[in-house]
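Sequences listed follow chains A and B, in order. Just so we're aligned, residue 40 is where the first sequence starts under our numbering, counting upward by one. Just so we're aligned, residue 40 is where the second sequence starts under our numbering, counting upward by one.
Treat the hints as calculated values from the structure; they're not laboratory data. Since this is a predicted model, take the numbers as computed values, not measurements. Any given hint could turn out to be false.
[As the list claims (entries may be wrong)] Some, not all, of what chain B presents toward chain A, calculated at C-beta under 7 Å:
1. F108
2. K111
3. Y175
4. V179
5. Q182
[Claimed, not checked] Far from chain A by the CB rule (all over 12 Å, computed), these chain B residues:
6. P58
7. G95
8. R123
9. D195
10. P202
11. L216
12. D229
13. S239
Glycine residues also receive a C-beta, built at the ideal position from the N, C-alpha and C atoms.
Protein chains: 2
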Amino acid sequence: MFWNCNRKHMKPMEKVTVPAKQGRAFRLNAGQSITIETPKGSQAADFFAFNAENVGEWLSANHTWVTTFNVKPRQGDQLLSRFRRPMLEFEKDGAEGTHDMMIAACDQFRYEFFGHEGHHPSCSENLHLAMRRIGYQIDVVPQPVNFFTNTAVLEDGSFVSPPNTVAPGSFVTLKALMDVICVVSACPFDLPVDGWPINSDSGPSELVVSVQ
Amino acid sequence: MFWNCNRKHMKPMEKVTVPAKQGRAFRLNAGQSITIETPKGSQAADFFAFNAENVGEWLSANHTWVTTFNVKPRQGDQLLSRFRRPMLEFEKDGAEGTHDMMIAACDQFRYEFFGHEGHHPSCSENLHLAMRRIGYQIDVVPQPVNFFTNTAVLEDGSFVSPPNTVAPGSFVTLKALMDVICVVSACPFDLPVDGWPINSDSGPSELVVSVQ
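Bound-form chain A, shown alone (with noise of 0.2 Å):
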């Protein structure tokens, strides 16, 4: 059995829209897949996952790169929880690898620190939301996989951010190694922040997911 965020149970390959700027909380049985895919391109989806039966084990992009040795996500790649153990298999990369796995979550601050006054909607808040609505209050807001998001490190070590060129309808597909929560976050960033479009230059919008 799986459910999506409003706890009522999926259909197999009933596809869900996680409108832009909102997150929603997906669990899949070892061996399910998950695909994610932005319909209009250049859509960053901040993802989170954690052991469907501890959630105190999460996702570690941190824990996968030194694994892989490769700060990007590849097809055929393990992602490690914190603990170091195989969560999810990177089963198909239909965005031709443009991935990030450093960026780490958006929240309140990081608005405010752009010079973004009052509220503004976050992938950190999509998070404690879409885990609350299943009944999780989780104190951490792990480093996600931002899929469909375009950053470099260069020689120097400088962490830069060009233009998204994602194309429309690309997708990954992901498969549970153990039964796991995932939360997908159609990222908020629309601050027109010379260096750091994370998006598309026509604002955030929607992802489609669906699980196998």
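For chain A, the structure is supplied; the task is to place chain B on it using the hints.
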């Protein structure tokens, strides 16, 4: 007042040796500085910091590099907490920039990954022990700042660790911007892994720490 791991008050400028493969906690009031030295050179210093009034707020490398826009800690940088508040300033770099913020703290499972059998000391255990010694059970091993550690991200995203070339007597000094508990671990990594040397070929060595 400040103390080291033995709960004794340190005298100002007193130098404390962190033995090879071990860790120690140090308390700094805002405005105080901590200096960490590798007397023999090429010894990774895993560095963690917690808000002394709330150890649920910790130094986050991931939140730091999206603000400094560089994956290396550099002299003059402010190191941020996971709530994006400035915790420490990197006051003086006496190691020519050879530092890392991306290698997750080693733990028992990391040594097993590289084929080690039986227990192995690790920076994660050193952190847990140093914090317990002063009364704290922590739930999360944060991403450390790894001083005197040589890593690079190549153009294709490969994450590599070239030989450690940090000279004997190299040091770093960090100034506390809030009251903090710092933990310094003399990384126990000593496996002969091709392309992943971390410490000196001759094995882990001690670090010397002082609080001013």
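Quick rundown of the hints versus the structure:
no. : hint : in the structure
1   : F108 : holds (5 Å)
2   : K111 : holds (4 Å)
3   : Y175 : violated (15 Å)
4   : V179 : holds (6 Å)
5   : Q182 : holds (5 Å)
6   : P58  : holds (25 Å)
7   : G95  : violated (7 Å)
8   : R123 : violated (4 Å)
9   : D195 : violated (8 Å)
10  : P202 : holds (16 Å)
11  : L216 : holds (16 Å)
12  : D229 : holds (17 Å)
13  : S239 : holds (20 Å)
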